[in-house]
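Peer 1: What follows is each chain in one-letter form.
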Amino acid sequence: MRLDFAADGSVQVRTGKVELGQGIRTALAQIAADELGLAIERVQVLPADTAFGPDEGVTSGSLSVQDGGSALRAACIEARRQPPRTVPLVGSSVPRTDLAAKFAGAPSFIQDLAPPGLLHGRVLHPPRRDAQLAGVDLARVSSLPGVVAVHRDGHLLGVLAERSRDADKAIEVLSAVARWAPGPPGPEESQARAGLTQQPASSSLVAEHGQRPGDGIARTLTARYSKPWIAHASVAPSCALARWDAGRLEVWTHSQGLYNLRRDLALAFGVDADAVRVRHADGAGCYGHNGADDVVFDAAWLAREALGRTVRVQWSRADELSHAPFGTAMAVDLAADLDARGEVLHWRHQVWSAGHSGRPGRNPAPALLGSWQTAQAVAEPPPLNMPLASGGGAERNAVPGYALPAWQVLWHRVPATLRSSALRSLGAFANVFAAESFVDEIAQATGSDPLQWRLRHLAHDARALAVLDLAAARGGWALRTRADGVGHGLAFARYKGSGAWCAVMAEVEAGAALKVRRLTIAVDVGQAINPDGVVAQIEGGAIQATSWALKEAVQFDAAGITSNSWASYPILRFTEVPAVDVHVVASLAPSVGAGEASLGPTAAAIANALFDALGVRVRDLPLSAERIVAAMNDDPR
Amino acid sequence: MTAVSFSVNGRRHTLDADPSTPLLDVLRDELQLKGTRFGCGAGECGACQVLVDGRSTAACNTPLAAVEGHEVTTVEGLDRCLVEAFIAEQAAQCAYCSSGMLIGAAALLRHTPSPTDEEVRRALDAHLCRCGAHNRIVRAVQRAAQALVQ
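First to last, the sequence lines map onto chains E and P. Mapping of the first sequence onto the numbering used here: residues 1 to 637, in sequence order. Mapping of the second sequence onto the numbering used here: residues 1001 to 1150, in sequence order.
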């Protein structure tokens, strides 16, 4: 952490955490202003830069306030030159320090950087990441107007042009003249998901408590749930700038992890990490590991052909939706042994999933797409999985938070069909969707009210009870009325088992398609540094989860990704967005992150409300009209 | 190359350019107006919307030739009242889609000065927001509508 004080008493803060639209710069400025006794206008949080530090790892996992905020507070207390603010900013909804300029259209994003002498680059990645270039007529492209260079290196192709328009035209021609030999045929989406539980897996016990009883089991409920591959689908396709100068590389990026990226760039280009400077510029929301890091490799790779000029590479919409990593498909099996009174004796949660982290910086080989496709290609490292102690990946939120006499959690690690990496909330989305759907299935089978079942099994966790009670009260759970095609559902989870407590009540209308009318959410994040920022993150997460739950699935066939446009990968639109009421529990307990807590509970609450509306249980996401109709035909009430 | 004349935010420009150049590239790279943003290149997301004679238009797939003699308004040229309303409602998370939203709102309020929420949602339905700021944006448009009517 570095604080630079100016003569007028204002301060510049160097932090390792980066702005992704989550408002971290504002939250950190509030903390610094309080401890240093300053007005917020006198605190400037500078973009992260490896030339200055600090290395705070990756801006991910809902940890920036929890970890980055605590580190900043400690540094500010040490550097303090005057008393802290008597009226603290922490705890108040200070407006975002960056939004006014962004709304006014000021250059704000990495896409807006335009240093003098810029060259525009485009890169053509193989249609599948293991496809081979069979032939290409480069002369067709090099003769086009404005083209400075056409570059072929193994199976990777690229162009440099003086103007953006020329680069776009050149890559279009290059794409048309390149011929590809596909690798071995891959599975299609429907087969791939069905095959999740059938392929060879490496199985491990995640955690267990107690033993399955030898007797007393009156019946056993089982259910299998699944989620498809889901795209990060940022509205801004990834972009980067790069420049080589006497063997030193300087890049501008919207990556979440500057030091990890620096390490992998050094590996990929055979230089020392000290010879690489990585500078952050604001990006659009990324929601995890998207194309941000890959496009930096592309820019640096093309910049080697640019004779010292800065190269800006802009990915296309199709690049972003087909070459960036995805959140992996998962299957989840749940089983509950019940005694004669309907009490759970033993609970089993099994997850089939690939690892959830293909981020740079964690493997012997670089985790950058282009580096697997050049003539000096390295093999793509398989996705890792965060250890459970750090929140886990595939098994995140698979350990039940309910008081149950005995339970067991297993993870079957399967190979990744597509390119898997961190998508907001990692495995928690599927695990909470499955477990919280299953709780309702148990409640239904045993004649319990879904709210009462949850409260009864959370008596040990007062903060869980509080958010459930609050969501139910504000959402009108007790007063809900039956109307044709309308249903209500609840779900709860404490994110990672150690983060924010979040309860969601959904009201849906099931007509020709499923419409989510309203989400009422209660959340406890400890002390909210910026309450409106917490609301925005919880509300945004809930709307994104509604989109995932209702609409989204990456589509692919043997040749590659077919859902590579907004037409073929639709997301939730204004007329489909539910009303969202977020209630933040007032608290002075230590802060925990807000960015990922609402996604899993939202999906489960919607599925539970769908069951309430129609009496059918849809266990495979998305909850499309086709799946709802199929479930009604399978299980007519 | 052809000389193309048009106006942007009230200022007249004559550019010697390939008339098939997308308006988006002209705005961002020639006129250095970076507020209009690239999102898909196919008119499917709303990030690059501008007003052409008051109508919301995707700049990414509008060729320069199509605006010859017309009035283009970008986010930089909008009534400040709209921007203030978005600030008041903190109507974004990442704000990459915001300029398109502001243009969509301006186009709506020109012909529907007091829209219902449903009308705002329908008007912005072609605009994608991935962060989930939709409801804040609807509130901001309503706030701007009230301010503009007064």
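Hints in this document: simulated from the structure, not taken from any laboratory. Each residue gets a CB set at the ideal place from its N, CA and C atoms; glycine is no exception. Keep in mind that the hints are not guaranteed to be accurate.
Stated by the list, open to error - A few chain P residues facing chain E, derived, Cβ under 8 Å: (1) Gly-1035; (2) Gly-1041; (3) Ala-1047; (4) Asp-1079; (5) Cys-1081; (6) Val-1083; (7) Tyr-1096; (8) Cys-1097; (9) Leu-1102; (10) Pro-1115; (11) Glu-1119; (12) Leu-1128; (13) Asn-1135; (14) Arg-1139; (15) Arg-1143; (16) Gln-1146.
Peer 1: Each hint should be assessed against the structure and marked as holding or not.
Peer 2: Going through the hints against the structure:
| no. | hint | verdict |
| --- | --- | --- |
| 1 | Gly-1035 | holds (2 Å) |
| 2 | Gly-1041 | holds (6 Å) |
| 3 | Ala-1047 | holds (6 Å) |
| 4 | Asp-1079 | violated (12 Å) |
| 5 | Cys-1081 | violated (12 Å) |
| 6 | Val-1083 | holds (5 Å) |
| 7 | Tyr-1096 | holds (4 Å) |
| 8 | Cys-1097 | holds (5 Å) |
| 9 | Leu-1102 | holds (7 Å) |
| 10 | Pro-1115 | violated (12 Å) |
| 11 | Glu-1119 | violated (11 Å) |
| 12 | Leu-1128 | holds (6 Å) |
| 13 | Asn-1135 | holds (6 Å) |
| 14 | Arg-1139 | violated (11 Å) |
| 15 | Arg-1143 | violated (13 Å) |
| 16 | Gln-1146 | violated (18 Å) |
Hint compliance for this structure: hints 4, 5, 10, 11, 14, 15, 16 are broken, all remaining hints hold.
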